[in-house]
Amino acid sequence: MSALVADEGGVDDVEDLASFRDRARSFIRTNLRRLTPEELRAHPETGDDEAELAAVARDREIQRMLFDAGLAGICYPRAYGGQGLTPAHQRVLNEELAGHEYPVRTQIPNLSPCAVTILEAGTEEQKSRHLPAILRGEELWMQFLSEPSGGSDVAAALTTAVRDGDQWVLNGSKVWTTGAWWSDWGLCLARTNWDVPKHRGLTVFMLPIHQPGIEVHRIEMLNGSREFCQEFITDVVVPDTDRIGDVDDGWSVVTRWMFHERMLYTSPFVTEPVGTVHGRMDATAVFDIARAAGLLDDPAVRELVGEARMLELVTNEVSQHVGESIRSGRLNEQAAAIVRLFKGTTSSRLVTLAFEAAGAEGAAWSEHGAASLSAVNYLMRQAGLIGGGTTEMARNVISERVLAMPRERTSDKDVPFRDVPRSRPSHG
Amino acid sequence: MLMGLSDDQEFFRQTTERFLSEQVPPDALRALRDDPAGFDAAYWRQGAELGWTSLLVDEEHGGGTISGAGLEDLSLVAYEFGRHAAPGPLVSTNVVAAALNGSDTGPEVLGGLVSGQQVATWCAPVLGAGGWEPTVEAVRDGSGLVLHGEARPVESATQADHLLVTCRQDGGVTQVLVPVSSPGVRVTPLGTVDLSRRFGSVTFDAVSVQPDAVVGQAGEAAAQVEWQLRLALVLLSAESVGAMQSGFDITLEWAFDRYSFGRPLASYQALKHRFADMLTWLEASRAITGAACVATQQQTEKAAELTSAAKAYSGEYGAELLQDCVQLHGGIGVTFEHDLHLYLRRVIVDRATLGTPADHRRRIGALVAAKEGVAA
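Those sequence lines, one after another, are chains H and B. For the first sequence, position 86 matches number 86 in the working numbering, and the numbering has no gaps at all. For the second sequence, position 266 matches number 266 in the working numbering, and the numbering has no gaps at all.
Wrong hints could be hidden among the right ones.
To be verified - Which residues of chain B face chain H? A few of them, derived with a C-beta cut under 8 Å, are: (1) 185; (2) 213; (3) 273; (4) 363.
To be verified - What follows is a list of derived Cβ distance ranges for each label pair: (5) 376(H) x 189(B): 53 to 63 Å; (6) 50(B) x 376(H): 56 to 66 Å; (7) 332(B) x 324(H): 34 to 44 Å.
Since the hints were made in silico from the structure, they are not lab data. Treat the numbers as computed from the prediction; the structure is a model and nothing was measured. The beta carbon of each residue, even a glycine, is placed where N, CA and C say it ideally should be.
Kindly produce the complete structure, drawing on both the sequences and the hints.
What follows is the structure, given as structure tokens:
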């Protein structure tokens, strides 16, 4: 990260923070709508396809406005349409955006990890073609990374790319792509060599999502959301110029890609207004649920509210603290997994607290509201410990890469990937 | 805390670290088990010379800071106290010094605290369902006051020369500085698991107090008491973080060195994941304590909830972490000869002092309710 981001205050012609703040504030006041308290708390997903497409269009529009105002891609180089500014500028923008609409759908995974990966591993031509388009909101990127067979073992990708002259033919399936049905491009990991060990036969490609040969299925989740997708890729042709990194060297690209995914909580490459809730449970939600259930006078319920607020406060500090520790070198970059683990276990606890606060209303409710929301969230509780890499994987990273404990034994080292035991297909 | 330290602060921290390593190594702590005072007077005076008791005191009273932010400097000492499970009334002496620094009362006592010649402690209120509640009552008697009641636990009560007593008085809060030798004051030692920290119960049986012993304005000390509590919560949390760090370091080393079934403990995934959780709790405790320290130093409006969050979190997970360290050691972890229990003792006592994690969760809950316009 340090290599990518300008030093804070280290570059002579970097705009000073105060004037940047003034510029950001005046743009926001003139152009962006203030959200109501209800909108601020709500999950950004609309739950209705037509409304969702309208929201995507609005997000693209705001992204374009930010670009035109010199407020898009704060930490991206100027050569590719970014601002060449520092993480401190990004923090100022996040502060100034608090309480306003912002283009939530152009952030994760579009700006990071997708665009950052292109920035780090792409050719000059690829960067010039795609990065400005991404920053203008014209291209929306998704990660074609996980596979039905794989889960956390990303390097065990079965999607295959076979070379055919100066192009490649891809076949396979990818899963857990958020909003692939309204996105434009996929950053895709594929196997290009089955006769070498797992990590040495992978290559990264970019491909347009909406083309014959890619079938996008939407997956219904326990809470009714249909934003996650699975793609079936059949004989999709990708020119060799759309390959990122060297052939069979995709794992070095993916290592950085996954690093940026873990760093999302403190990333200077995405915008998230201070105080963004996105339907996550927090102390106010727990309080409202308890109030609606008429349980506010119960001292035990008050304590649950206090615990929720405590966790919220600690969460804010942990992200910042670990980010600073990595920047100062006190902890290595892999320590980003500490934030992932903390956020996972904490979000799970907050969801439990909210469900507790609902009392019996959490089992059977008379009208759709706080209590039913807490029940549905509780049903989905583990999602926060799974998505973006499971907490078990985070614990492996922390123990092995931060604390330097011995790596787990695997059966896929030093053998051709085609000989590595794998799940039976029906167990996908 | 312990982040972005200036060179002077780092030098200051290292000086205390070196001094404690030399003066109170684990064997010295074990030897304190049956020592009634729990610390040596000469040790405390030397610590005072290093700055342990002067950081919350203005220069005109003989104090001074390292960085301009005295509480942040002092939190480094508290962290090292936790790391070494060090003896000495760090929290109580500093709270009293900070209180006297802001008043005209007891300048000679303040001088004695700064030089380390004297020890003073705080008869603090207790944290109940409705907030902080003094357990000693002050009643007007002519121009003076008469005190009744009991305060417990009071740190270093049997070693203290003076007591800062927080009293309720006619619906208000009054603080007075009382010599321990005053007629009607009785100090009874209490038992504790900490080897190097002592507590007592202090009873006040019609103790007469002159008007010049009042610290601040009679009946109007509530805000001052709240500030003292925040100072104490920050220091206790910083101590817990230090004790967590030592427990973690010892156990991490053990995991690499100890072999079972031909493999180091550090190679077992079931144990590796425990270390990942422990490191996460440690960094989270460090983060929230640092934020509470800065907020209290700068007296921001978030200081109340941040100090309680730091105390609740470091109290809960400090104890969990040390207990897990014991578990990862196996039988040796519950023996007196091993060093681990020194830090376990410290986090246990810090956890239960000035409000348990549950007390502080309720306090934060009340703050949320107040913000939402609902009475506590």
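Right, here's what the structure says about each hint:
1. 185: violated, 35 Å
2. 213: violated, 37 Å
3. 273: Holds - the Cβ of residue 273(B) comes within 8 Å of chain H, reaching about 4 Å at its closest.
4. 363: Holds. Min distance 7 Å.
5. 376(H) x 189(B): 53 to 63 Å: holds, 56 Å
6. 50(B) x 376(H): 56 to 66 Å: holds, 57 Å
7. 332(B) x 324(H): 34 to 44 Å: holds, 37 Å
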